[in-house]
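> Sequence:
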Amino acid sequence: MHLGGSIVTTHILIHGEKDTVGVAVVENIEPGMELTGWVMDSDDTITVEARDPIPLGHKVALQDIAEGDTVVKYGHDIGRAVQAIAKGHHVHVHNTKTKRW
Numbered sequence: 113m114h115l116g117g118s119i120v121t122t123h124i125l126i127h128g129e130k131d132t133v134g135v136a137v138v139e140n141i142e143p144g145m146e147l148t149g150w151v152m153d154s155d156d157t158i159t160v161e162a163r164d165p166i167p168l169g170h171k172v173a174l175q176d177i178a179e180g181d182t183v184v185k186y187g188h189d190i191g192r193a194v195q196a197i198a199k200g201h202h203v204h205v206h207n208t209k210t211k212r213w
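Each residue of the sequence shown is one higher than the last, beginning at 113 in the working numbering.
Among the hints, erroneous ones may be present.
Stated by the list, open to error - Distance condition first, Cα-Cα at most 27 Å in a straight line; then the derived DSS-like pairs of lysine-lysine:
1. K209 / K185
2. K199 / K209
3. K130 / K185
4. K185 / K211
5. K130 / K199
6. K199 / K211
7. K209 / K130
8. K199 / K185
9. K130 / K211
Stated by the list, open to error - Now the in silico label distances, taken between C-beta atoms and shown as ranges:
10. K199 / T121: 25 to 35 Å
11. E129 / A178: 25 to 35 Å
12. R212 / E142: 15 to 25 Å
Hints were generated in silico from the structure; no laboratory data involved. All residues carry an ideal CB built from backbone N, CA and C; glycine is no exception.
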């Protein structure tokens with residue numbers, strides 16, 4: 113991705129403005145890293161500081177998500193937070209569950 117003539121690494125992908133999580137598309141995301149996210153629907157970029165290690169293909173919270181809130185990925189409801197998840201933290205099975213069961 114180019115911004116102002118320089119190449120910027122995209123760390124996370126976000127499909128739409130309503131997504132509450134982004135998906136890691138690079139390896140070795142560590143706490144304290146400033147992540148650049150590409151919002152695909154609008155071609156915008158955002159930044160978020162990683163607060164946990166985020167494995168490739170896993171999700172990172174783009175905003176604070178309260179316990180019980182819906183988690184949105186790719187514009188779709190993918191479950192609910194079973195505990196509060198702060199912006200920049202890893203979002204996975206330890207803190208998010210499907211609403212089906």
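> If a hint holds in the structure, say so; if it does not, say that too.
So, going through the hints one by one against the coordinates:
1. K209 / K185: holds, 13 Å
2. K199 / K209: holds, 18 Å
3. K130 / K185: holds, 8 Å
4. K185 / K211: holds, 14 Å
5. K130 / K199: holds, 15 Å
6. K199 / K211: holds, 22 Å
7. K209 / K130: Holds, at about 19 Å.
8. K199 / K185: It holds: about 15 Å lies between the C-alpha atoms, which stays within 27 Å.
9. K130 / K211: holds, 19 Å
10. K199 / T121: 25 to 35 Å: 20 Å Cβ-Cβ, so the 25 to 35 Å window is violated.
11. E129 / A178: 25 to 35 Å: Roughly 19 Å apart at Cβ, these two residues miss the hinted range, so it is violated.
12. R212 / E142: 15 to 25 Å: About 33 Å separates the Cβ atoms of R212 and E142, which means 15 to 25 Å is violated.
Consistency with the previously given hints fails for numbers 10, 11 and 12, ordered from lowest to highest.
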